[in-house]
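Colleague: Chains as they are written, first to last, in UniProt numbering: chain A, 1 to 112; chain B, 1 to 230.
Everything hinted at is true.
Here are the simulated lysine-lysine pairs, BS3-like style, with alpha carbons at most 25 Å apart:
#  : chain 1 : residue 1 : chain 2 : residue 2
1  : A       : K41       : B       : K125
2  : A       : K64       : B       : K78
3  : B       : K125      : A       : K31
4  : A       : K74       : A       : K64
5  : A       : K64       : B       : K71
6  : B       : K84       : A       : K74
7  : A       : K31       : A       : K41
8  : A       : K80       : B       : K71
9  : A       : K31       : B       : K84
10 : A       : K30       : A       : K41
11 : A       : K30       : B       : K84
12 : B       : K71       : A       : K74
13 : A       : K34       : B       : K112
14 : A       : K80       : A       : K64
15 : B       : K125      : B       : K112
16 : B       : K84       : A       : K80
17 : B       : K84       : A       : K34
18 : A       : K41       : B       : K112
19 : B       : K125      : A       : K30
20 : A       : K74       : B       : K78
21 : A       : K64       : B       : K84
22 : A       : K64       : B       : K125
23 : B       : K71       : B       : K84
FYI, nobody ran anything at the bench for these hints, they're computed from the structure.
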Amino acid sequence: MKRAGTYSGILSGGISGKTGPHLLPLARIKKIMKQSSDDVKMISGEAPIVFSKACELLIEEITKRAWNITVQGKRRTICKEDVASAVITTDTFDFLVNLVSDSANSQESPRP
Amino acid sequence: MELGGNGGFHGYRRLPQNSSAGTKAPEISMEMPPQMNQTPNTNSVTDDTECTVREQDRFMPIANVIRIMRKILPPHAKISDDAKETIQECVSEFIGFITSEANDRCQREQRKTITAEDVLWAMSKLGFDDYIEPLTLYLHRYREYDGGERGSLTGEPLVKRAVDPGTYGFMTFPPVPFPMAPHHGFFGAPPMNGFLKDPSNAGPSQAAVAGIDPPHCKEQGLELLNGGGK
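All chains, please: the whole structure from these sequences, using the hints.
Modeller: Okay, structure coming up:
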């Protein structure tokens, strides 16, 4: 993964505002993509780059929603339950529902 | 503690492998399903370390995740460790979820390579429409930036200025002043410092630099570049 130096980092930040050094490591993204299914063969160079930004957006969205729940509860620390609530109350995060309830209850077997 | 069968998502596939772990390296490599051969197995380590390595491979680095979270949270907000880990897991699940869908599409269309467009299509199909526009923009900018960098040093698509960057040997001159102290020289770029310290341009150039306010930098800077401060 190319790590832009300070100048080129600022350069790219100044031009595009957002591109430049990626916040998430591309090699790791690629690895996780390959793990998702046995028959993932080849991945174009740009796909991890799209994912790096998409994951950033996802993290931001979950965090924002979780924080809203934290604030409603008059607290300042986002806890796992806030994250779980944020996931459960958002339709697009349905695929994460099992994950957050498994995280919360690691002893239980998953519901069929 | 098998947690497989979560609608086919990948996250827990490593567990069956762990249950058979505890054997020596050669046996592991023979027993593992083909998919596992793709992951970098440090077969020479113990079970615990192997679990750790695989754990790291499965998720985004937590420091990066935290950085992104803190970007949008107010300064006084705190995040519990298990919340951080949960989000870390969510990210990996998201990648797998989208990739599966994109991969299915590729297979239907008999293509072998998952492209950025496939990823975007899968996101749109799975309900992440809101992400499509910023991602498309991001991808276009990336293509412009990266294509410009590799193509030539002129950086023309990026900055439309009458500058001859070939003289200075780097891409382009940023149109936006960024928060670097002016007294560090020209936007803190070493090559420019060298240029400014050229005795033939010493007097007026340095005075101009010294007096530069960031909002005026770009115009004065370009003048200096072009004429050396007339």
